[in-house]
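Chain D: place on chain X using the hints.
Residue numbers (the numbering used here), protein chains in the order written: chain X, 1034 to 1348; chain D, 210 to 510.
It is worth saying that the hints were derived from the structure and are not from the lab.
Check each hint, because a few of them may be wrong.
Simulated DEER-style distance windows between Cβ atoms [as the list claims (entries may be wrong)]:
#	chain 1	residue 1	chain 2	residue 2	range
1	X	Lys1040	D	His403	46 to 52 Å
2	D	Phe304	X	Leu1191	38 to 44 Å
3	X	Ile1094	D	Leu418	28 to 34 Å
4	D	Thr248	X	Ile1216	23 to 29 Å
5	D	Ala264	X	Gly1107	53 to 59 Å
6	D	Val243	X	Gly1256	41 to 47 Å
7	D	Ala264	X	Pro1047	51 to 57 Å
8	X	Arg1248	D	Ile328	41 to 47 Å
9	D	Arg230	X	Ala1118	43 to 49 Å
10	D	Tyr223	X	Lys1156	24 to 30 Å
11	D	Gln443	X	Lys1040	44 to 50 Å
12	D	Arg402	X	Lys1253	24 to 30 Å
13	D	Thr400	X	Val1046	19 to 25 Å
Positions of the beta carbon are idealized from the N, C-alpha and C atoms, including for glycine.
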Amino acid sequence: MWKYIIKRILIAVPVLIGITVIEYFLMSLAGSPLDMIQGAHVSQAALSVKSAQLGLNRPVIVQYFTWLSQILTGNFGYSIKNNDAVSAMIGSHIGQTLLLMGVSLLISMLISVPAGVFSATHKNKVGDYSLMGLSFLGNSIPSFFLAMLLIYIFTIKLNLLPSGGMTTLGANLGNGDVVAHMIMPVIVLAVSMTGTNIRYIRSAVLEILQQDYLRTARAKGIGHFKVINKHALRNAMVSVITVFGMEIPTLFGGAIIVEQVFSWPGLGLMTMTAIINRDYPVIMGVSLVAALVVLLGNLLTDILYAVVDPTIQYH
Amino acid sequence: MGFLQKKVSESESYGHIVWRRFKRHKVALASLIVLVILTVAAVLAPLIAPNDPNAIAGMFGSAPDSKFLLGTDVIGRDVFSRLLYAMRISLLVGFMATVISTAVGVVLGLISGYFGGWIDMVIMRFTDMVMSFPYILLVLVAAAIFQPGMWNIILILGFVDWPGVARLVRGSTLSLRETNFVKSSVVSGMTKRHILFSEILPNTVAPILIYATLVLAVSMLDEAALSFLGMGVQPPAPSLGNMLNGAQSLTILTTKPWLWVPPGLTLVVLVISINFIGDALRDAIDPTTVMNSGGLSEADK
Chain X
1034 MWKYIIKRIL IAVPVLIGIT VIEYFLMSLA GSPLDMIQGA HVSQAALSVK
1084 SAQLGLNRPV IVQYFTWLSQ ILTGNFGYSI KNNDAVSAMI GSHIGQTLLL
1134 MGVSLLISML ISVPAGVFSA THKNKVGDYS LMGLSFLGNS IPSFFLAMLL
1184 IYIFTIKLNL LPSGGMTTLG ANLGNGDVVA HMIMPVIVLA VSMTGTNIRY
1234 IRSAVLEILQ QDYLRTARAK GIGHFKVINK HALRNAMVSV ITVFGMEIPT
1284 LFGGAIIVEQ VFSWPGLGLM TMTAIINRDY PVIMGVSLVA ALVVLLGNLL
1334 TDILYAVVDP TIQYH
Chain D
210 MGFLQKKVSE SESYGHIVWR RFKRHKVALA SLIVLVILTV AAVLAPLIAP
260 NDPNAIAGMF GSAPDSKFLL GTDVIGRDVF SRLLYAMRIS LLVGFMATVI
310 STAVGVVLGL ISGYFGGWID MVIMRFTDMV MSFPYILLVL VAAAIFQPGM
360 WNIILILGFV DWPGVARLVR GSTLSLRETN FVKSSVVSGM TKRHILFSEI
410 LPNTVAPILI YATLVLAVSM LDEAALSFLG MGVQPPAPSL GNMLNGAQSL
460 TILTTKPWLW VPPGLTLVVL VISINFIGDA LRDAIDPTTV MNSGGLSEAD
510 K
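Just chain X, same shape as in the assembly (with noise of 0.2 Å):
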């Protein structure tokens, strides 16, 4: 087991890398970030000497290794826009955004399994068709249209929840107060994911239903409840969990577009900021930990299939 895990982390480490080559070249290509601070009063000699402060002037390759020797010592390096250690300004924003993934997470879970097991148990019926429905209007709802509505429901005629943040201004109102904010951006996350889990999840049960031993199951007269949940649920689970796997770079993307609109203090909303700043050093570290957010769920994923299905083998 853990030989096997060692060798999913060692796989994981070249896409990594990888990712942080393409990332940065990509950027070399937009143009030095020191246009960002250009204007009248910078004069050219100041920019060469900030740009040599910075490392600008050598070669892309060069800036690479140095950058990359740098994370191996734990240093991220420094916003170009304000200074502030890029290790820092993440560590005090992944909480929030971790928050809010895992919450949206955890609902879509709540409801989809349920959902998508009635779903395949009910096939063609009914109810069937209505989950069917509203998973497919889940997933083409686009998330930004979706908050909107909702601000606009909840907060603007409803006047019950509060339309961005996480906390109120200037009033300490506890951990209610977080949960009245979270709620829409929860929603919102979670609405389109479990559209797509829905499906997964109906289509994984129904291809097991058809299976031999769920007919021997059935012959032996232990009941349908029985028969649903210890039986072909448990066998779904490698399904429910591949695509729960799936999703977290797409929670992570989502999460950009739902911070922005709900101003939610997290990774998103920061990121935002360095896109449009062109702030690489953030970007870079901000993208080196997507990605191991990213390998991290894989590998879960991949730790979970061995708990959940003992057939798996470890080679």
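Here is chain D on its own, set in the frame of chain X:
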């Protein structure tokens, strides 16, 4: 020539079967009709639109009335005319991005699946990299680097969306490579190009087509998201996403719903129609072949 004609008639009857099965899905049929009507309206926008989409035609932000069906925006342009042109741009971006990503994915998938070995290794690891990257982040960075605009958005989405197609085609190629008709062509000394594009590719068209509908829906949503964030299609050109951009302000959100509800709903209707059509196609085209090649295969582990 005779061989070619036989092939055409065969595919025609296959097309009939697919159409017959497709028609059984009432929702998908309705979606197809809606999509056709909206596409025609978008294509004919210059003829249908009552006003120039970029011209100031009336009062600032007036509510819908008989003259302006969907009212006017904050600088007095006709929202209905802008909506028609926005559909045109959004559909074009989605379609072109899908064509590009499908082409890239098909070529890489064919090469990877057919040649195997280190070529396969390199292509698949590269695919992994693109796939494990938070998609929107990559697109946003790319959009920030290459000046935002319609054609750049098409290229960016096209060159980011291909990994799914590549994996799908690779999977089909791997199994087709082992079939007798491909083996016999290899033995009889056909060129690799002929085998890849004239024998393997036609047999993977169905799953590719289904996947393409998915990519179309996704890239239309992505274009909208990018334009909404101000990184996509740039004003004054209207797109369904950038029409919603202005509604980020609370006053417009509250007092002028005709500015943001119609483009948002149009987008939902377009995307959901495409999704329903794709789903019915999946059912209509032999479901087992699709399940095998499009499912979550462990082949590349």
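Here is what the structure says about each hint:
no. : hint                             : verdict
1   : X/Lys1040 - D/His403: 46 to 52 Å : 40 Å, violated
2   : D/Phe304 - X/Leu1191: 38 to 44 Å : 39 Å, holds
3   : X/Ile1094 - D/Leu418: 28 to 34 Å : 42 Å, violated
4   : D/Thr248 - X/Ile1216: 23 to 29 Å : 37 Å, violated
5   : D/Ala264 - X/Gly1107: 53 to 59 Å : 57 Å, holds
6   : D/Val243 - X/Gly1256: 41 to 47 Å : 44 Å, holds
7   : D/Ala264 - X/Pro1047: 51 to 57 Å : 55 Å, holds
8   : X/Arg1248 - D/Ile328: 41 to 47 Å : 44 Å, holds
9   : D/Arg230 - X/Ala1118: 43 to 49 Å : 60 Å, violated
10  : D/Tyr223 - X/Lys1156: 24 to 30 Å : 27 Å, holds
11  : D/Gln443 - X/Lys1040: 44 to 50 Å : 47 Å, holds
12  : D/Arg402 - X/Lys1253: 24 to 30 Å : 56 Å, violated
13  : D/Thr400 - X/Val1046: 19 to 25 Å : 39 Å, violated
Checked against the numbered hints listed earlier, the structure breaks hints 1, 3, 4, 9, 12, 13; every other hint is satisfied.
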